[in-house]
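With these hints in hand, go ahead and build the complete structure from the sequences.
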Amino acid sequence: MTDRIVGLVILASAIWYGVTAGTYEASFGDPLGPAAFPVMLSVPVAVLSLFLLIRPDANPDWARGAALLRQVAAICILVSYALLLERLGFLFVTFLAVALLGRLLGSQWGKSAVSGAVISLVLFVAFDQVLGLPLPALPEFMS
Amino acid sequence: METLNLLADGFAVALTPTNLMLAVLGCFLGTLIGSLPGLGPVNGVAILIPVAFSLELDPTSALILLSCIYYGCMYGGRISSILLNIPGDEPAIMTTLDGYPMAKAGKASEALAISAVASFIGATFATIGLTLFAPMLASVAIHFGPSDYFALYVMAFATIGGITGANPFKTLIAAFLGLMIAAVGLDPGTGVARFTFDSFHLYDGFDPIVAIVGLFAISEVLMYLEKMDQLQGKMVPLGRAIPKLKDILSGGWAYIRGSVIGFVSGVLPGAGASLGAFLSYIAEQRWSDKDGSFGKGNPKGVAAPEAGNNSASGGALIPMLTLGVPGSGTTAVMLALLISLNIQPGPLLFERQPDIVWGLIAALYIANFVLLLLNVPLISFFTRALSMPQWILMPFVVMVSFMGVYSISHSTFDLLVMVGFGLFGYILRKVGVSLVPIILGLLLGAEMENNLRRALSISDGNFGILFQSPIALALYAITATMLCLSFYLAFRKRRRAGEKSV
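So the protein lines, in turn, are chains A and B. Using the working numbering, you'd call the opening residue of the first sequence number 1 and step up by one each time. Using the working numbering, you'd call the opening residue of the second sequence number 1 and step up by one each time.
No lab work stands behind these hints, which were simulated from the structure alone. Honestly, I wouldn't trust all of these hints.
Short derived list, chain A residues pointing at chain B, Cβ under 10 Å [unchecked claim]:
id, residue
1, Thr2
2, Ile10
3, Ala14
4, Thr20
5, Met40
6, Pro44
7, Leu48
8, Phe51
9, Asp61
10, Ala66
11, Leu78
12, Leu84
13, Gly102
14, Leu105
15, Leu133
For each residue, glycine too, the CB sits at the ideal point set by N, CA and C.
Here's what the structure looks like:
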C-alpha cells in the first residue's frame, strides 16, 4: 500500500513537473531551450512510478504511538528552530532546542537543560568566535 | 616515470607543515566521528564540509583536510560495527558478521587491529591503483565529447546501486528525482526561472551540501527516534589492550585478496564500496572457510571485507576524479565537496590543476599511514567515544548541521530546506529508496543538461548526434547490459522470496 501511495504521489508530481516545464520558453538561440530537459525527465519517472503502482513491495513498518509522536515533535522543534533563530538569538534558541531534543531522546529535564546550556555556549564560541561565522547571539529586541 | 615525478610534486604540496597538520587533524577527527554510533562516513563528512569552509583554507588544503576526515571516518566506522554490532554504513555490515562474534569471544582488540591493518592494506592498494590508472583513464577521457559525456551520465544513473539487489525501479526513480530537483533554479543557458514558485530563495537552486546534510544527518535522527526503544547496543569490553602480532598476521592473504576484489568493484561503474565488501567476504568464505567458522568470529572474515571496503572506496575515486562520475555514496559526497570548492573533476583537472590532484593523492598515502599509527595504539581512546549518550550526541549533530548550513548562505530559508530534505530522506529510506542516486542526480544534473545542450548546438538540434560516436555507443551498450543484469537479479530475488513465503 505504501508503495502505491508513493507511486501515485510521484506520478502526480511528474505530470505536474512535465506540464510546468513545458510552459518555459526562451526567445533566443538555444536549440534545446529550458523546457526540453525537464520534460525529458518527467516522462520516464511517470512510467517508472506506474511500476510501483502495479508491483508494490511489502509495506515498511511505520512508526506508531510514542515513536511517531517523538518524530513529529522533533520536526516541530527543528522547524521552529529555523524560524526563530534570527528572531530570538542563537544562544536561547539553541539551548531550548538541544534541551527539548535531549528530552525526546530519553534524558531527564535537568540533564538535558545542562547539555543545552553547554552545547549552545560551546557552539557559539566555536562558530562565532573561532570560525568567524557571525551569529545573532541575542534576541532581536535586546540587541 | 612521469607519474612518479608528478607524485613527488604532490608530496611536496601535501607535506607542507600546514597541510600535514591538517591531515593529522583530519584523520583524528574523522576516526572520532566515524566511531560515534549512528554517524557513518557520509553523515560525518557531510556535516563537516560547511564547517571546513568557514576555516577559509585554500582549495588544496580544504580538500586534504576533508579527504583525511573521510578516510578517518572509514577507519572509525568499523569500531561501532565490531564493538556494538551497529554498522555505520552499508559496506560495514559485512564487517559485523565476523567482527562482532570475535569481540564477544574476548578478541575485540584483535578484531579492531585486524580491521585497522586490513583498512590500511586495502586503502594503500587502492591509492597505488589510483596513482597508476587515473592518469591513464584521464588521457583517454580527454577525447570525450559532449554527447559522450551525456552517455556517461546516463550510464552512471542507470547503473548506480544496480547490482546491489535493491528494487531497481526505485533506484532509477531516485536518480530521476535527483535530476528533477537539480533543475530547480535559474536555467544557466537561458536565464529562465524554473520551478522557483517566484521565490528568489530558489533562484540559485538547492545547494547540494544542504540537501546532503538534510538527507543523511537529519533523516538519521528521525530513524533513531523511531527505533530508540528497541536499540540498546551493549558494548563488548575491549579485552587485551595491545593485540599480539600473531593474531594480526592471521588475516594472511585475506588482506590481499580482499584488496584486489574491492579495488575492481570500486572502479566498476555503480558498484561501489558495498559490493566490494560483499564480494570480498563471499570470495574469502569460498576460499578459506574449511571448518565453517565464518560468521562465528573468523579473523579472515574481518580482514577480507574490511580490506575490500577500503580498497573499493579508493578505487571509486578513479571514475570520480577522471570522469566526474562518482560510483558510491561517499564519493558522491566527495564530489559535492569538490564542486563546492569550485573544482570540476574530469580529465581536464589532471592537466590544468595537477597540484590539486597529486596533492590529494599524496595526502591519501599520508592519511593511511597516520591512520594506521593512530588506530592501533589509540584504539582504547576512540572506543570511549562509543559510550557518549545519544541524548547529547544527536542534538549536537543537529546543531552542527544547522550551523554548517547557516554558514553557507546566512539564510534561515536554507535551514528549512535542510529539515525538508531530512523528512524527505526519512520517507525514502523507509520506502526502500536509496538516497545515493538522488545526491548523484542533484550533483550531476546541471552538467548533464549542459552537455546535452552542447551536443545539440553542435548538431543544430539533431538528436542523432547522441548516437554517433563509438564511445557513446559503447557506453550505451554497457548501460543496457548492466540494466538487464540488475533487473534480472532483482526479479530472481523476488521470485525466490516468493517461493520461500509459499
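Okay, the hints, checked on the actual structure:
Look at Thr2 (chain A): its Cβ gets to within about 6 Å of chain B, closer than 10 Å, so that hint holds up. The beta carbon of Ile10 (chain A) is positioned within 10 Å of a beta carbon in chain B (closest approach about 6 Å), and the interface hint is therefore held. Look at Ala14 (chain A): its Cβ gets to within about 8 Å of chain B, closer than 10 Å, so that hint holds up. For Thr20 (chain A), the interface hint holds, since its Cβ comes within 10 Å of a Cβ in chain B; the closest pair sits about 7 Å apart.
Here the hint on Met40 (chain A) is kept, as its CB sits about 8 Å from the closest CB of chain B, short of 10 Å. For Pro44 (chain A), the suggested interface contact is upheld, since its CB lies about 6 Å from the closest CB of chain B, less than 10 Å. For the restraint placing Leu48 (chain A) at the interface with chain B, the shortest Cβ-Cβ distance is roughly 5 Å, inside the 10 Å limit, so the hint holds. For Phe51 (chain A), the suggested interface contact is upheld, since its CB lies about 5 Å from the closest CB of chain B, less than 10 Å.
For Asp61 (chain A), the shortest C-beta to C-beta distance to chain B is roughly 8 Å, which falls under 10 Å, so the interface hint holds. At its closest, the beta carbon of Ala66 (chain A) sits 8 Å from a beta carbon of chain B; the interface hint therefore holds under the 10 Å criterion. Interface restraint check: Leu78 (chain A) against chain B, minimum CB-CB distance 5 Å, threshold 10 Å, status holds. Checking Leu84 (chain A) against chain B: minimum C-beta separation of about 9 Å stays under 10 Å; hint holds.
Below 10 Å, beta-carbon pairs count as interface contacts, and Gly102 (chain A) has one with chain B at about 4 Å; its hint therefore holds. Look at Leu105 (chain A): its Cβ gets to within about 4 Å of chain B, closer than 10 Å, so that hint holds up. Interface hint status for Leu133 (chain A): upheld, as the beta-carbon distance to the closest one in chain B is roughly 5 Å, under 10 Å.
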